[in-house]
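Participant: The chain contents come next:
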Amino acid sequence: MIGAAARVRLAQKARLQHDRLTGKQFLLYPERGLELSESAARIVALCGEERTITAIVDELAAASGEPRERIETEVISFLEALDDRGLLVVT
Amino acid sequence: MKTPRPYTLVAELTYRCPMACGYCSNPLDLARHAAELETADWIRVFAEAAGLGVLQANLTGGEPLVRGDLGELVAAAHAQQLYVNLITSGIPADGGRLAELVAAGLDSIQLSVQDVDPHGAAWIAGRDDLEAKLEVAEVARALGLPLTLNVVIHRGNIARVADFVALAEKIGAERLELANTQYLGWALANRDALLPARAEIERARTIAATAAERLRGRIEILFVRPDYYADRPRACMDGWARRYIVVTPDGIVLPCHQATSIAGLAFENVRGRALQEIWNESPAMKRFRGEDWMPAPCRTCDERDADFGGCRCQAFALVGDAGATDPACALSPRHELVRDARLRAEQPAPAAPPAIRLRRMRTTA
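Just so you know, the sequences run in chain order A and B. Those letters in the first sequence? Residues 1 to 91, by the working numbering. Those letters in the second sequence? Residues 1 to 365, by the working numbering.
Don't read these hints as lab results, they were simulated from the structure. Every residue gets a Cβ at the ideal spot worked out from N, C-alpha and C, and that includes glycine.
Stretch-level coverage of chain A by chain B, calculated; a stretch enters the list once three of its residues show a Cβ under 8 Å from a Cβ in chain B: (1) 1-15; (2) 19-26; (3) 29-38; (4) 76-86.
Chain A extracted, bound-state conformation (with noise of 0.2 Å):
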């Protein structure tokens, strides 16, 4: 489980690519690559700089102006999906 106060960033191995036949965003590994949707894009962008948790989600809820419980809950189980396959560094 990851909790709101953890500072999460992408792990080396994964990286965020531009797609530039479709615009969308993809995460690459070895391998592997992760075709995101624009609120998964928007999150692993967040990432980047070894946010909390609870901060990512207030970015998002600020910039969506959405339930704050509701993309909590939606980050978190998309950031566990990510550390499952390694790719995030949770601190």
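Model the placement of chain B on the given structure of chain A, informed by the hints.
Facilitator: Same frame as chain A, now just chain B:
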């Protein structure tokens, strides 16, 4: 059908290799591909691949380190924003060279180890380089380079899967591929010596699964039950000419490493035509793309979206017809070809390891 988008370019930069692994995925007729593409050819291939939508470049061989221009090639692939993965035996080992490649934009390295037992390594690869490989791993980690450890699994080393997990932990690998031998080419020639018995596969699978759970989030561990024991074919290359483009050292464009083994298909060369045109229009690339080619029982099978009809090279090698159902599938009318090999693997192993046919093509071209 709409032409699919390839995501990965497998660039076989050379078939020269200091190793002689008896399961090598290179073709048997290595010498026919000795006229290697020039640096400029590969630079063009990377650009054309990126134009097609490719996001990953696997630089492989043979042994890519024997190419003197590897640094330039990494830089060229990186310039196309490709995720550049070096697939290497680590030999010839040279830490300074690795630093140069990282500076050029190398994103990750996949290092192969043949065995942790020196006799086992010598049996399967003709030599033992474990110490040198461990030094390469150390340099990679010191450079911050993400490291995958790859071990091809066969009858001679399957008892040491737990040791390979321990090795991955020791060297700080982020991913461990316990890659069961695929019985094509060199490995098919050596099949009776390499194919493990069912109980050995299941024991290894349990060890791998337990380790994967223990190391979740730290080391990704891959162990896929080999198709000979799966009763269903593997989704070879995720489908023919669908996600992967392979380019051989001499420029031939293929849907998979082994495809030149299929008689009667005329694969085209990047020396004569742009990669985009070959991918989109070449009859050989279209031959088994999609589902129209499928025979019964594949054509109405519920699993055809999952396995894409299996491996065309295996169908050709075993049945003699690349358009046949992969005989690894229990629904294939020729499944006995695989079942018979499995039955032979149940025989007790000989006291001394049998001689195998080593893949020979030394670094001097």
